[in-house]
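Enquirer: Position chains B and C relative to chain A; hints supplied.
Protein chains in written order, with this note's numbering: chain A, 18 to 304; chain B, 24 to 256; chain C, 14 to 254.
In case anyone wonders, no lab produced these hints; they're calculated from the structure.
Misleading hints may appear alongside valid ones.
[Stated by the list, open to error] Calculated lysine-lysine pairs in the DSBU-like style (CA-CA distance at most 35 Å, straight line):
1) B/Lys152 / A/Lys176
2) A/Lys132 / A/Lys150
3) B/Lys152 / A/Lys168
4) B/Lys152 / A/Lys200
[Stated by the list, open to error] Simulated restraints, written as ranges between beta carbons of each label pair:
5) A/Glu125 / C/Ala48: 42 to 48 Å
6) C/Arg237 / A/Val127: 51 to 57 Å
7) B/Val30 / A/Lys123: 19 to 25 Å
8) C/Phe117 / B/Ser107: 24 to 30 Å
9) A/Asn196 / C/Ala167: 56 to 62 Å
10) C/Arg245 / B/Trp69: 29 to 35 Å
11) C/His158 / A/Val127: 51 to 57 Å
12) A/Ile74 / B/Gln210: 47 to 53 Å
13) B/Arg73 / A/Val127: 52 to 58 Å
14) A/Ile74 / C/Phe117: 21 to 27 Å
This structure is a prediction, so every number in the text was calculated from the model and none was measured.
Even glycine gets a Cβ: it sits at the ideal position worked out from N, Cα and C.
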Amino acid sequence: MTITRSDFLKLGLGAAAGLTLGAAPRSAGAKEWKLIRVATEGTFPPYNMHAPDGRLIGFEPELLQELSARMNIKCEMIAQAWDGIIAGLTDGKYDAIMDALSITPKREEVIAFSKPYASAGSGFAIMKEGAIKSLPGTGTRVSLTDEAATKAAIDELSKLLTGKTIAVQVATIQNDVLNRYFKDAATIRTYPSGPDTFLDLKAGRVDAVMASAINLNASAKKSNGEMIRSGYLFSGGLLGLGSAVGLRKGDPELKALFDTALKSLAEDGTLKRLSLKWFEEDITPLI
Amino acid sequence: MDIAFIVAVFPKLLAGLPLTLLLAVLALAGGGAIALALSGLRASSWVGARIADFYVYVFRGTPLLIQIFLIYYGLAQFPAVRHSVLWPLLREPYVCAVLALMLNDAAYTSEILRGGLRAVSTGAIEAAKVAGMTRLTMLRRIVLPLAFRQALPAYGAEITSMVKATSLASVVTLMEVTGIARAEVSQSYRAIEVFLCAAMIYLVLVTVIARAIQLLEARLSPYRRPALARSPA
Amino acid sequence: MDDAVTLLGFGPEGWGLALLRGGLMTLAISACAFACGLVLGTLSAWAKIAGPPALRRAADTYGVVMRGIPDLLVIYLFYFGGRQLVSAVAQMFGHVGPVEVSGFATGCLAIGLLSGATQAEVLRGAYHAIPEGTLEAARVAGMRHWTMFRRIIAPQALRTALPGLGNQWQSVIKESALVSVTGLVETLRAVTIAANSTELPFLFFLAGGAIYLAITTISGLFFRLAEWRAMRGQPAAKVGG
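With the rest of the complex left out, here is chain A:
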């Protein structure tokens, strides 16, 4: 079959058709919620993970169960790759995201958030026997809004991270921080999924991983001490205002439902209990 010029014309027309289809209108309107589908990754321990039998377990699945009871609405959790998890929400594939999604101004342009239910800092993990023996500032928390302290911490870290490779999950708040503060010092390698960063850290392909501190703790624990969290802990600023439920902008009633339920869970101490159970520390923000 010979390919002719008119085929290129058809390609162009086909592309135009495809583009216009994307502008198909969506029906809106106040909804009575009978079932809420919530997306999560299932690969971000201890927030969400898979049990061997395929169930989703972790802080967020259990939190969703509690929320569902409070809201008196059936909730369903599905696993979805991080790639396009927000695009799936705006597209209507599901109604909410509970995946340690931090509130950031950039994301708020596209979606809405409930009140935050967890607020952890972000830090680095290294291999004890790796190229970097330790990073300065372990145990110290720095707020990115404090410019002086931030600069000092970044400078200290950069000295040890110069020429090294840092792994991070693509399009995360930690990715933004690395791009802003460490781009000149170190090589940043982005991965589609979180667990891959730890696999490559263990393999020695990268020298450090930057992620949420709670997530780092989970991996460090699993590694029997070979992997440790080290260096300053950062929060605030580019790192957002804590993890919250991601929602579509056109669903204010859903946001209200989640907010009310979260408030009630915070007031009676359930949030704190869950946080202690899964994170071994209470990182419930003030709602």
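Expert: Quick look at chains B and C alone, frame taken from chain A:
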């Protein structure tokens, strides 16, 4: 459908094109070499033929994605590999991706070669032997050229297949066209526009390559050109 | 650390059940996608053989586009855009309100579309391999189109098409692995989750490869059986290119 956005994202995606092409070229070159070796192995002995068969069976029977994961993450699991002399190479996602693509391509190419070789008429081989050609000369001047011409349509399909397969390298952090597209989608949340752009880039690339192969086919087999192509008397 | 047998087994620590479920999902998606592809391929082949020029061009474009875009991108496009596409189509038919399209459905559709393009070529070649004489005889005997298709065209075409369709089936099984990027838990996703959770990628990706090999081998045997049955009474096939 934000046209301004598409116009802005297009050059970002194009930046991945060199890597896409490099991956494809290396994969095809390496794959071709391994395929020739497999053909030799197949012709050498009964055991050799069974080994070649098994190789083809495994690499054609499993998805390329699993092959990439096995080589990139699977091998790195073993301290023995990490401390071996190959590690500086296997450390790099680039090497692992090319290796996986090469091994996969070799399986398909060796089957294509087999089909091409089978099509070389025994008459031609007999004539070559009678003319006193050594095995190597016979291979070089008679068998391989005829096999190549016969296999070209199938191999052309394999070439475009490999170009498309490079998109899987994005799962091991390589920033070729698809890798850049996925990162863009995660940052901008506009999946359809970005992926349509990327799809267009591949479509044009594959169409150009397919046309080039068609031209090559026509040149190598002029007697097969359809009657319509002949200029009017 | 548990050993390989425990991890792959069916006990509480074993991922065997998850892998098995993944394997069944792979079969399910592959079967649906192949069926989709068969329908699309038949329609497309018919359009290329006997359709009006406009339809023929449409079928050609379909083939060019599907063979020119990487499978991964097609799946992504369908996963993100499939809902809107189906909604648009549904609206064309008068359906009101949003349409629910599952990840499974978009995966099937995407792979079906991809497979249909190649199946169209296989079926078209098979049609052209039917001896012209049998078609003439059927027309002379006064057979109507559907009868002719059912009794003359389809059996003979299928005989030639079976090897090609068998190859396509194997391709579909392998392409189903790509649907894992959408989060659907088929074999590859199941082994990836297990590999990440246990940090034993080699074991689980090898297991995944073995599962795919098993599926392609067993279904390959079925196709070989079907080919053998279809070739009953036929002269030995010439070795094709």
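Enquirer: Would the hint linking B/Lys152 and A/Lys200 be met if the CA-CA limit is 35 Å?
Expert: Between B/Lys152 and A/Lys200 the Cα gap is close to 65 Å, so the pair fails against 35 Å, i.e. violated.
Enquirer: Does 56 to 62 Å hold as the CB distance between A/Asn196 and C/Ala167, or does it fail?
Expert: 59 Å, holds
Enquirer: Could one say that the CB atoms of B/Arg73 and A/Val127 fall in the range 52 to 58 Å?
Expert: 57 Å, holds
Enquirer: Holds or violated: A/Lys132 with A/Lys150, Cα cutoff 35 Å?
Expert: Given pair A/Lys132, A/Lys150 is violated - Cα atoms ~39 Å apart, limit 35 Å.
Enquirer: Taking the CB of C/Arg237 and the CB of A/Val127, does the distance hold inside 51 to 57 Å?
Expert: 52 Å, holds
Enquirer: Within a Cα-Cα threshold of 35 Å, do B/Lys152 and A/Lys176 meet the stated pairing?
Expert: With a Cα-Cα distance of about 71 Å, the restraint between B/Lys152 and A/Lys176 is violated, given a limit of 35 Å.
Enquirer: That 21 to 27 Å hint for A/Ile74 and C/Phe117 (C-beta), does it hold up?
Expert: Roughly 23 Å apart at Cβ, these two residues keep to the hinted range, so it holds.
Enquirer: Go ahead and decide if the range 29 to 35 Å is satisfied by the Cβ distance of C/Arg245 to B/Trp69.
Expert: Given about 31 Å between the Cβ atoms, the range holds.
Enquirer: Just to be sure I understand the hint, the distance between the Cβ atoms of A/Glu125 and C/Ala48 should be within 42 to 48 Å; is that true here?
Expert: At 44 Å between Cβs, range holds.
Enquirer: Evaluate the given range 51 to 57 Å for the C-beta pair formed by C/His158 and A/Val127.
Expert: 53 Å, holds
Enquirer: Per the hint of 24 to 30 Å, is the separation of the Cβ atoms of C/Phe117 and B/Ser107 within bounds?
Expert: This hint is violated: roughly 42 Å between Cβ atoms.
Enquirer: Is it true that A/Ile74 and B/Gln210 lie within 47 to 53 Å of each other by Cβ?
Expert: The hinted range 47 to 53 Å is violated for A/Ile74 and B/Gln210, with Cβ atoms some 30 Å apart.
The structure is inconsistent with the numbered hints 1, 2, 3, 4, 8 and 12, although it conforms to all the rest.
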